[in-house]
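Engineer: Protein sequences appear in the order of chains F and A.
Using this note's numbering, read the first sequence as starting at 1 and increasing by one per residue.
Using this note's numbering, read the second sequence as starting at 1 and increasing by one per residue.
The hints are simulated quantities; they were obtained by calculation from the structure and are not laboratory data.
Just so you know, not all the hints are guaranteed correct.
In silico DSSO-like cross-links for lysine-lysine, where the CA-CA straight-line distance does not exceed 27 Å [to be verified]:
1) Lys82(A) - Lys471(F)
2) Lys572(F) - Lys254(F)
3) Lys710(F) - Lys645(F)
4) Lys691(F) - Lys645(F)
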Amino acid sequence: MTKVAIRGIAQRKLRAFVTVLAILLGVAFIAGSYVLTDTINRSFDDLFDEAYQGTDVAISSSTTGQSDGGDLPPFSERYVNVVRRVPGVNKAAGGIFSLGRFVDAQGEPLSNSFAPEFVSSVAPEPFETLTYTEGRPPRTAQEASIDESTADREDLGIGDTLRIAGQAGVKPYRIVGLQRLGNTSSGGSSTAQLTLPEAQAITDKRGELDGISVQAAPGVSPRVLRQRIDRVLPPRLVVETGTEAAARQAQDIKDDLSFFRVVLLVFGGVALLVGSFLIFNIFSITVAQRIREFGMLRTLGASRRQILGGTVLEALALGLLGAGLGVPAGIGFASALNAIFKSFGIDLPNTGTVIESRTIIVALVVGIFVTLASALVPAVRATRVSPMAALREAELPESRTRGRIFTAFAVLLFAIGIGMTCLGLFGGTDDANAAAGLVGGGAVATLFGVSMFSPRLVRPLASVCGWPLEKLRGLTGRLARENTVRKPGRTAVTAGALMIGLAVVVFVTTFAAGISASVGNAIDRNFQGDLVLQNTDGFSTISPGAGREAARTPGVQTVSSLSFAGGEVGAKDVRVSAVDPRSVADVLSLDWEQGSPETLSSLRNDQTVIDDAWAKNNDIDVGDRIPVRTPLERLVPYTVVGTVKDNADLLGNLVVTEEQLRREFGVRSPSLTFVKLEPGANADAVQDRIKEAVKQRYGTVDTLNQQELKDNQEEQINQLVAFFYVLLALAIVISLLGIVTTLALSIHERTRELGLLRAVGMSRRQVRTLVRYESVITALIGAILGTVLGVIFAALVSRPLADEGFELAYPVGTLIVLLLLAALAGVLAAIWPARRAAKLDVLEALAYE
Amino acid sequence: MDQIVTAHDLRRRFGEGDAAVDALDGVTVSFERGRFSAIMGPSGSGKSTLMHILAGLDRPTSGTVELDGVDITALDDGDLTKLRRDKLGFIFQFFNLIPVLTAEENIVLPLSIAGRKPDEEWVEQLIETVGLGDRRTHRPSELSGGQQQRVAVARALVSRPAVVFADEPTGNLDSTSSGEVLHLLRRSVDEFGQSVVMVTHDPEAASYADRLLILRDGQVVHDCSAGSAEEVIELMKSVA
Ligand SMILES: Nc1ncnc2c1ncn2[C@@H]1O[C@H](COP(=O)(O)OP(=O)(O)OP(=O)(O)O)[C@@H](O)[C@H]1O
Ligand SMILES: [Mg+2]
Numbered sequence: 001m002t003k004v005a006i007r008g009i010a011q012r013k014l015r016a017f018v019t020v021l022a023i024l025l026g027v028a029f030i031a032g033s034y035v036l037t038d039t040i041n042r043s044f045d046d047l048f049d050e051a052y053q054g055t056d057v058a059i060s061s062s063t064t065g066q067s068d069g070g071d072l073p074p075f076s077e078r079y080v081n082v083v084r085r086v087p088g089v090n091k092a093a094g095g096i097f098s099l100g101r102f103v104d105a106q107g108e109p110l111s112n113s114f115a116p117e118f119v120s121s122v123a124p125e126p127f128e129t130l131t132y133t134e135g136r137p138p139r140t141a142q143e144a145s146i147d148e149s150t151a152d153r154e155d156l157g158i159g160d161t162l163r164i165a166g167q168a169g170v171k172p173y174r175i176v177g178l179q180r181l182g183n184t185s186s187g188g189s190s191t192a193q194l195t196l197p198e199a200q201a202i203t204d205k206r207g208e209l210d211g212i213s214v215q216a217a218p219g220v221s222p223r224v225l226r227q228r229i230d231r232v233l234p235p236r237l238v239v240e241t242g243t244e245a246a247a248r249q250a251q252d253i254k255d256d257l258s259f260f261r262v263v264l265l266v267f268g269g270v271a272l273l274v275g276s277f278l279i280f281n282i283f284s285i286t287v288a289q290r291i292r293e294f295g296m297l298r299t300l301g302a303s304r305r306q307i308l309g310g311t312v313l314e315a316l317a318l319g320l321l322g323a324g325l326g327v328p329a330g331i332g333f334a335s336a337l338n339a340i341f342k343s344f345g346i347d348l349p350n351t352g353t354v355i356e357s358r359t360i361i362v363a364l365v366v367g368i369f370v371t372l373a374s375a376l377v378p379a380v381r382a383t384r385v386s387p388m389a390a391l392r393e394a395e396l397p398e399s400r401t402r403g404r405i406f407t408a409f410a411v412l413l414f415a416i417g418i419g420m421t422c423l424g425l426f427g428g429t430d431d432a433n434a435a436a437g438l439v440g441g442g443a444v445a446t447l448f449g450v451s452m453f454s455p456r457l458v459r460p461l462a463s464v465c466g467w468p469l470e471k472l473r474g475l476t477g478r479l480a481r482e483n484t485v486r487k488p489g490r491t492a493v494t495a496g497a498l499m500i501g502l503a504v505v506v507f508v509t510t511f512a513a514g515i516s517a518s519v520g521n522a523i524d525r526n527f528q529g530d531l532v533l534q535n536t537d538g539f540s541t542i543s544p545g546a547g548r549e550a551a552r553t554p555g556v557q558t559v560s561s562l563s564f565a566g567g568e569v570g571a572k573d574v575r576v577s578a579v580d581p582r583s584v585a586d587v588l589s590l591d592w593e594q595g596s597p598e599t600l601s602s603l604r605n606d607q608t609v610i611d612d613a614w615a616k617n618n619d620i621d622v623g624d625r626i627p628v629r630t631p632l633e634r635l636v637p638y639t640v641v642g643t644v645k646d647n648a649d650l651l652g653n654l655v656v657t658e659e660q661l662r663r664e665f666g667v668r669s670p671s672l673t674f675v676k677l678e679p680g681a682n683a684d685a686v687q688d689r690i691k692e693a694v695k696q697r698y699g700t701v702d703t704l705n706q707q708e709l710k711d712n713q714e715e716q717i718n719q720l721v722a723f724f725y726v727l728l729a730l731a732i733v734i735s736l737l738g739i740v741t742t743l744a745l746s747i748h749e750r751t752r753e754l755g756l757l758r759a760v761g762m763s764r765r766q767v768r769t770l771v772r773y774e775s776v777i778t779a780l781i782g783a784i785l786g787t788v789l790g791v792i793f794a795a796l797v798s799r800p801l802a803d804e805g806f807e808l809a810y811p812v813g814t815l816i817v818l819l820l821l822a823a824l825a826g827v828l829a830a831i832w833p834a835r836r837a838a839k840l841d842v843l844e845a846l847a848y849e
Numbered sequence: 001m002d003q004i005v006t007a008h009d010l011r012r013r014f015g016e017g018d019a020a021v022d023a024l025d026g027v028t029v030s031f032e033r034g035r036f037s038a039i040m041g042p043s044g045s046g047k048s049t050l051m052h053i054l055a056g057l058d059r060p061t062s063g064t065v066e067l068d069g070v071d072i073t074a075l076d077d078g079d080l081t082k083l084r085r086d087k088l089g090f091i092f093q094f095f096n097l098i099p100v101l102t103a104e105e106n107i108v109l110p111l112s113i114a115g116r117k118p119d120e121e122w123v124e125q126l127i128e129t130v131g132l133g134d135r136r137t138h139r140p141s142e143l144s145g146g147q148q149q150r151v152a153v154a155r156a157l158v159s160r161p162a163v164v165f166a167d168e169p170t171g172n173l174d175s176t177s178s179g180e181v182l183h184l185l186r187r188s189v190d191e192f193g194q195s196v197v198m199v200t201h202d203p204e205a206a207s208y209a210d211r212l213l214i215l216r217d218g219q220v221v222h223d224c225s226a227g228s229a230e231e232v233i234e235l236m237k238s239v240a
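Looking at chain A on its own, in the form it has when it is part of the complex (with noise of 0.2 Å):
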């Protein structure tokens, strides 16, 4: 199958000497096109330094990490700017919106810094998919936890991006508006192809992905298909 991310044998070495941290210790992982895959593993195992490197937002101690048929790991601030507006989308856990723009604003805003002029029928459809048809000229501040999520998620979809990363998403929400968030990004998977990488520590979160990765101590220790979330909680528990 066609692989959208591909990592070859990443370390990532934080600090020196005895003080050094090995929050990579040698990973070797790709992602397909159109599937949506969810890492887990226990804190500190190094999730978010993968996802970080496989982003660009961060560069590996070596390996080397291949986007979209790009090496990523050699490319410049200015390739990497390019590269996070053509084809990435972010999700982060909190703090995702700028608090001075409407919702419609924020999720069009990687167009807008872009210059890009929005596909006014794309941006319609996004919005009613997410919901929020009648809080499009709310700022951030007047939408619950939920919404500005939900708002996120629209913007990481908004330029059709080659792959949307998502560091535990659904980590500040309750369990309704989880759901509706990771309702949404498996719907995108669906209706739009889009591919998903997210990092959660929630197995109900990971049920909804189609595959699963677990890393523990910096180094993938399963790689399976994700089944429901009574299956990754005994899965979690035999191998983290």
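Chain F with its partners taken away, still in its complex shape (with noise of 0.2 Å):
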């Protein structure tokens, strides 16, 4: 009797471990999404704050359009001049503040980080916000300064060179100082400080200025001086208080994050998901073991509510040990999130982490909620029994997850899932966050309903998973199916929890197969050119000097360039790009609505072609007249004289002229240059010379031939998917996890089978053959659910964006490979129960009850 207490306790001492487990590895995610966020939003609060300490009122560039960031256009330096005669006025200093790139002798960028790297110039007292460490800030135009960190992580020194890559071209420096910003430890960005007309002349802004501090003389309110300078500056320039300047930036960046706190959530919501599902099953098994000890209980007296009772307390216990351990864990997971970052090259500042209380709220409550909501299902299945059956029958019959009613209802959940998944798609919605719920919320019921109807599916499907193993290995493959099916209810919530993971996987890799496939297909039409050239990031502006550089190789016929910049049509936002008219015919070929190609070649400063679909969402028509408000604060009317179909979103809203981008909108650097060679010519050979010439002088600048403009956007989708991949493997771990348990339990309540198994002949290896192939079944029923859910919402999904020209594609490579890594998985999370299984001494497991 000791004995079977004992392996209870062990056995139920498996279960709370991995309950809590799951529950922690949730809660961790959820309060470490939040953790890392808030830091990242509290670093940047001090960092702006600590950038405009001694700044009175700030003068910058109007972020009218530039919604997505990047480079403001500058301003000239005579309003410096400007400003100081605004009475209370007691200094004010010009400054650059530009991306640059720090590069290699062959111009390679020094790191791959996606952190930005910043060109700064030297600010007169009191506005300098570096503080140096060591040495001292540069004086001439052949020094520079850099920040410790970078400093330390490209091993650089003082006397070391420092070549920068601006929109001039590359230049190298000799570094006098390492300097960095406050006592913040990281900007989680690079900046290299110049004497002010070194960074003017580097970033190419000769005679312009990015930004005007300006100290208020003793007595003039920093508001009041706003006020007074506003009145003498143009619309264009933005005049802010230091405190409203800090707050603005910081909040920009804030709202940029939160979107990404939303992703990090939803893969953290995901990781809980999974989470229930494995304590449904941990619960639904354990419940069924003991009940007939419930059915004692109840012929003892015990009430159904305090079988019930008993129960709840254990998951209430279980999930608050879960969700207060899984509190602290998340703030080391959010440093393991940040590393993540780090590894993909985001390098996010973090000047000590924050904790609210909201996340420990949030975290507690989610984690408990989970807890008992997978909990309760199998309790309260298990108390309907009645005593006398319990007694009897000593196991839970299998749910009635057959019943009906039951597939009825999981049948239209799935039906409701769907629905809801259409509606946020096709029902027109246009609050984007109400059709992400929509979709979201959709994919979620959807995911229910089939894991609800599920156990239908167990059987058919451990036929085909089955069968290649039952075919190869006779025996063992067959006993491990029926296994299986034995219990089809545990199976398949067991494969549920793998299936979520995966159907999130397999809609990640489709939906980027269709990006690729689409963008792959969009260069294939409109790319006529033969090379392009484009910053090696791979999306930031190149120096204009390259196209005059290619321009000027041997072999070349022409070059012409596409340059971006945002504006404001009404109140929105839209995207301008400019071509030049006389050469663009050569290199790009457009899908004509109303026009063709002459309708570009010709047209005039005062005309726009625009994006067809923009058009029509705006009953725009050919002959109006648009006012665009341009980064400048200038209205300018353009006529329509053209629309094409934009597949793949090359071009934005409105295409203008080249001349125009640069005189209204302040845009001078093109983002991409296309190249078309003159017939006949090497086009390898021209390619490496162009490379040469252009890489040696501007740096961060590639050429790419078409096939490798291709590959080029696939691998930076392809480090998305990465990234998403990354977020997905918590969750696929928990699912595995499940796997473990269930099987270890599976495999307990089967001791006496295993014992006789092995007296009948059956040796070690067969029995743990036995579980590793139960397992493998089980992922496979999990993987091929996924898969076909995954692939049915990246078609679904979609199909909003076929018009847009999105063509969906089947990476039916990949997907082979994910199921035979499901299946590997399998493999993996067999290992330990086999080995328990295969270790049981057979006399004992014939005597075990």
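Got two chains here, separate frames each, mind docking them using the hints?
Structural biologist: Spelled out as structure tokens, the structure:
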């Protein structure tokens, strides 16, 4: 009897441990997401506060149409004198703060991280925000200083050479100082400081500034001074107090981050959902195993409520423990996430971990709720059995998961889920958040519907997955398959957990494959040139000089660029692109709805060609005049002369002339420069020559041919996919934990059977194989369901994008690899239970009750 | 006569110190090939322990067991597994069958596990003998207790083992079903020359055997040829 009791405790220990672990991991993800994003937010607050210390009033360019970041157009430095003449101004100084890139002697970026690198100018007191920890600020055009963390990372020191690639080209500087921003540990970004004239030169902003800092005279309040200055400056310049500027810039970043937080929370939610499946299964199994005990208690006079209460209390305790441990684990998880970002080249600032009370409350509530909800159903089911039946049966009858009503409910839930998804996708809701909510909620409902229906799918799917094993391995394969269909409900839930993770993986994979294929097709269709010059980061602008360099290269026929800017039409942001009408026909071929290539070739400065979809959505016709507010705060009207189907979303909403973009939008650098070769030119040789010429002088410019461009795009997409994979890894791990636990508990139930098999000649190895195959079949069932759901959802979600040229591609090869990986995961999950099963002593197993 | 199992001075101690129990206290015994032997004795006398040790399911604290010419007390798990495949058949009191397999699959289970092709004729003959021709595709849950035990007998015989060990094979059955199972064991000895060692509490069952061994407190207290059920009852009264 003691033996039985000890075994019982040991077994419940496993259950308790796994339940707590599942909740802990999910909660840690959620808490970690909050901690990380709160920490980053606070860090940016600190960072900007630091940066605007000593600045009473800050002047910068208007951000009209610039919601997606990037450099703002600079303004003339003569405004410094205008500002200085304003009464109440004690001191005013102009400065440069522009994106740049640190490169090596070959012109390759020093670090391949996404973290931005800046070029800033030395500011006079009291505006200087950098603290020198070593050396001094640069004084000549050949000197620079660099931030400590970059110096550390790249192993640079005083006296070393730093090559900076700016819009004007690459130039080497001698490092004379190391600095950092206040006490901030790492801004996540790197900053090189140059003298003001040199900063202007390297960024191609001679005679221009990015900002002006103003110190008020004693007794003049920043607010009053701001108003006075605002009156004398043109509208394209924004005047703010230092505090306002810091708050606004921090807020901009927070807004960007809030999306990022949602993404993280979604993945945390997936992990918790998977965990809830696991807990549901664990409680189902153990409650079923204790049914006799419950029956006995009932006959002794315990009420149904008391028994239910006992189980619920247990769940509550486990949930509390898991969630409670999950919060501190979340802090660790936040650093793990941070490390992941770092490995993907996203360096985030951290000025001290921030733990809001909201984080703790949400984590606890969610964790406890999930545990209770998952444990309640099995507990209720167990107490429904009449005491006598419980004593007699000794085992809970397989749940009513195959009852008609249950099935109908599952189908209904599935239908509702798909319905909600479709409503979100095709319902025409303007509110993107509401639509996303509908799609997400629909996805969850669909997953639950499928999970509830899946006990019916277990048998056929097990037959499919088990067939090869049975053919290959005979009896062990046969028994493994039979074992998985013994308790279809249990197998379904175990597989369901994996299904969720895999559905998301497959969705992401399929969707990404679609994007890659669409981009590839668009490049094929639109790209007439032979080569493309673009920034190595794939999105920043390149120096106009690179195109001029290419044009000089022998073998080149035409060079034509595409530039981008933001603007506003009505109150809405629009994206504007610009081409050179004279040469564009050589390098771009567009899908004309109204108009022809000649329309673009003869585009005048007051004319525009617009995106067909955008035109339709906004009721704009050819001949209409659209007033566009530019970043220079001018309202410029353009007459629509044609519409194109912009499948690749290459051109934004409007296309204007290059000259217009320079004059009215303040954008001087192209994002893409296309090169067309002379007929008969040796493409590879010319490409090499351009590369040579461009890389050395400008750095950070890639010269790609069509195939390389496609590969490059695909690589960027794949990097994002890889990032999602990493975030999903936890959910997958939890679902594997589910397989491990279910196997262990099932094996425990079948101890006698294993003893018998051993007695009639089964070897340890065969027992291991048996368990492994059972695991593999279960994993494959989950993988197949997940793959099907993932593909369905990718197909659904991409429907509305089809108008915009999205083509769904089925990455069959990848999907097969995923299935194989799932099978492999099954093998891994089986290691421990299989070893346990094989270790059973034959005699003890036979005697086991 | 030719001995199929020989045990020499077997001792088996469970527990340590004051709580130690000598389940077997110096048992020397041998069983002849092609005969049906029964082991009886009061509860706790060490019958099951003896059988487990003879079958290599348990190890003696001291003493040796030779099975079909092999000293099995020194074998490792792999060799014991081979031994069970090649030389042993088992019939337990209950839970003899794998619930997910059909009657016929359960019968050929030892061969399937060993990856051997069943001898069709022999399997047919066995199924006929145990009278389950019309039940071969049924699962254990669809069979009566007696039918299940008959399947177990056929399974024990299918690999033509050197010896079949049965631990209270009729302990869970009514007298009719018991009779069928015992009759089968008897026939296996008479017709196929099978060696069978059976532990039982039932004098009726013992009367099917050729020889009767009586244990008490871990020692063999009587060894003779088995007579009728009445004789066995008398004998038990006198020795146990
Ligand atoms: N695993 C064990 N641990 C401790 N003691 C044991 C163990 N197995 C058997 N014993 C003890 O050994 C003695 C002999 O047990 P055994 O099971 O061989 O008796 P038996 O003759 O088969 O009895 P029954 O007729 O009740 O089946 C008993 O006293 C028993 O309590
Ligand atoms: Mg016994």
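Engineer: It remains to establish, for every hint, whether it holds in the given structure.
Structural biologist: Here is how each hint holds up against the structure:
1. Lys82(A) - Lys471(F): This hinted pair holds, its Cα atoms lying about 24 Å apart.
2. Lys572(F) - Lys254(F): 21 Å, holds
3. Lys710(F) - Lys645(F): With a Cα-Cα distance of about 20 Å, the restraint between Lys710(F) and Lys645(F) holds, given a limit of 27 Å.
4. Lys691(F) - Lys645(F): 33 Å, violated
Checked against the numbered hints given earlier, this structure breaks only hint 4.
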